[in-house]
Amino acid sequence: MNWARYGEEGIRIVFGNAVSADVHEKVRRYYFFLKSLRLQEIIDIIPSFTTCIIYFNDQLTDFDTLTAHLQERERELPETDVPAPAAHTIPVMYGGQYGPDMEFVCSYAGLAPDEIIEIHAGTVYTVFAVGFMPGFPYMGALDKRLFVPRLETPRLKVNEGSVGIAQFQTGIYSFESPGGWRIIGKTDRRLFDHRQEPYSLMKIGDQVRFVPV
Amino acid sequence: MIEVVNPAWLSMVVDSGRYGYADIGVPPSPALDRYSYTALCRLLGYAAGMPALEVMGHDFSLKASIDVSCAITGAWVTAFVEGVPVAPWRVFRVKAGSTIRVKEVTEGLRYYIGFSGIIDAAKVAGSYTTNLECRFGGYSGRPFLKGDRIALKDVRDAGERAIAGSLIPSMKAPHILRIIDGEEERYFSAEALKSLFEKDGDPWYKVTTKTNRTGIRLEGKPLEFKKGTEQSIISEGILPGVVQVPGGGQPIIVLYERTIGGYARIGHVIRADRDLLAHLKPLDMVRFQRVTRGEAEGLWNEKAEQYYNMLP
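Chains as they are written, first to last, in the numbering used here: chain A, 1 to 213; chain B, 1 to 312.
Mixed in with the good hints there might be a few duds.
To be verified - Within a straight-line C-alpha distance of at most 30 Å, the following computed DSS-like cross-link-like pairs (lysine-lysine) qualify:
#, chain 1, residue 1, chain 2, residue 2
1, A, Lys203, A, Lys144
2, B, Lys95, A, Lys157
3, A, Lys157, B, Lys210
It should be emphasised that the hints constitute simulated quantities derived from the structure, not laboratory data.
All chains, full assembly: derive it from the sequences and hints.
See the structure below:
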C-alpha cells in the first residue's frame with residue numbers, strides 16, 4: 001500500500017499498478033474495513049480498480065494525523081468481517097435498437113452478433129467500482145475478444161439501462177447521460193433508486209451475470 | 001409561498017452538498033460557490049445546510065405571497081423589490097405581494113437567494129440539493145420553471161445583517177487559478193509544463209460553452225503528452241477541482257457531479273480558489289499558476305479567516 005496526498009483534503013491509497021483480481025480484492029477489503037471504523041473525520045470513500053480515495057474533513061484532522069491513525073489500526077484489518085459479494089442476474093435485450101454499436105463491435109471483433117452475445121453473457125463479472133454516476137457499475141474482466149476502443153466522440157445521450165463495453169470493461173448506464181462506451185444492449189433493471197436504501201443495486205465486489213432476453 | 005415568475009437561465013435548490021455516498025457514485029452537487037452560500041446562511045441566521053436557490057442568468061424574478069426577509073449573495077447583481085434597488089450581501093424585507101427581480105449580473109455567474117424560512121425541498125440521502133442529471137433532491141429533482149411555487153416553513157424575522165464589503169469576493173475575469181501537484185504531471189512534456197506554469201506570458205485558456213456543473217472545458221494551446229505515454233489512466237476516484245487532460249490536450253476542470261474519472265491529472269485547483277470556479281463563464285480567460293502545498297495552505301488560511309470574519 002502506497003499512501004499519498006490527494007489534493008488538499010484527500011488521501012490516495014494505491015494497492016497496485018495494474019488491474020487484477022488480487023489488487024481489487026485488497027481494495028475491497030480495505031474499503032469495508034475503512035467503513036467499519038465509522039470515523040467522523042472521513043466524509044467519503046471512493047474505492048475502485050487499484051486505489052481507495054479518502055476525502056476527509058480537515059476541520060477534524062489532517063493528512064498526517066489521519067494516515068498515522070489508519071496505519072496504526074491496520075492490524076485490525078485481518079479480523080474485519082467483509083460482506084460477501086451479492087450475485088445479480090441482469091436480463092439484457094441485445095442488439096437492434098437497444099444496441100446501436102452492436103454492428104461496430106461485430107466488425108471490430110470479426111464475430112457475429114450471436115457470438116458477441118454468447119461471449120458477453122457467458123462470463124460472471126466482478127463489480128470493480130460503482131461510480132462516475134450513481135449506481136453505474138464498472139465491471140470486468142471482459143473476454144479479450146470483445147475489447148473495443150471507446151467512441152472517439154462520446155454520444156451526447158446514452159439511454160438509461162444501456163449496457164456498454166469499453167476496453168476490458170463492461171458497464172450499465174444507471175441514468176441517461178452523455179457517454180463514450182460502445183452500447184450493445186439494454187436492461188430494464190433499475191440500478192439506482194433514490195427513494196429507498198440501499199440506493200444502489202450493486203456494490204463493489206458484487207458478481208454479475210447477463211442473461212439475453 | 002414564493003412564486004417563480006421568471007426562472008432565468010437555470011435556477012435550482014442547493015445546499016452544502018450530498019456527502020457520504022460517493023462509494024456508490026453519488027456526487028455532492030453542492031452550491032458551487034461555498035463561500036457565498038455560507039454567507040447567505042449566516043445572513044439569514046441559519047447553519048450551513050439549509051436549502052437555498054442557486055441561479056444563473058439575468059431577469060430572475062419571484063413573487064412573494066407573504067412578508068419575508070431575503071438576501072442575495074454570489075455573483076455581482078443589480079436587484080430590485082417592486083422597482084426599488086436592494087443591496088446584495090445584506091438582508092432586505094419583502095412585503096406580501098411584492099416582486100423580487102434580479103435584473104442584471106455584472107460580474108461572476110452564479111448567485112444565491114435565500115429567505116427567512118426553510119424552503120420545502122426533497123431531502124435525498126441526507127441533502128436537499130438537486131442532482132440534475134439523476135433528477136432527485138431539491139424541487140422535484142429539476143430546475144425551476146415559470147409558475148413553480150416554493151413553500152417556506154417556519155418563516156420568521158431575520159434581523160438586519162450585512163456582510164462587510166471587504167469580505168465580498170471579486171469574480172472579474174481574467175481568472176488566475178492556482179494549482180498543486182497532479183498525479184500524472186510526469187505524463188506531460190517539459191515544454192507543456194513550462195508553458196502552463198510560466199509566470200507572465202501565455203498560455204491563456206478560454207472557457208468554452210461546453211461548461212456546466214459537471215466540469216469546465218477549456219480551450220487553448222494543447223498540453224502535449226510525452227511521446228509514448230499512456231493518455232488515459234485506470235479509472236479512479238476524483239475530487240472537485242482536479243484538472244484532467246484528455247488525449248486532445250485541452251484541460252477540463254472537474255466540478256462536483258462526478259466521482260470517478262479516467263483522464264490524466266495535471267493538477268488540483270487549490271481550495272482557496274475553488275469557489276471562483278462557480279463563476280467561470282464561457283469566453284472568460286483563465287490561466288494556471290503552480291503553487292507549493294505550503295503556499296496553498298497559507299492561501300486557504302487567509303480564506304478561512306474570511307469565513308470566520310463573516311460570523312455575526
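Status of the hints after comparison with the structure:
Pair hint A/Lys203 plus A/Lys144 holds up; C-alpha atoms about 24 Å apart against a cutoff of 30 Å. Among the hinted pairs, B/Lys95 with A/Lys157 is inconsistent with the structure: their alpha-carbon atoms are about 45 Å apart, more than 30 Å. Simply put, A/Lys157 and B/Lys210 have alpha-carbon atoms about 15 Å apart, close enough for the 30 Å limit, and the pair holds.
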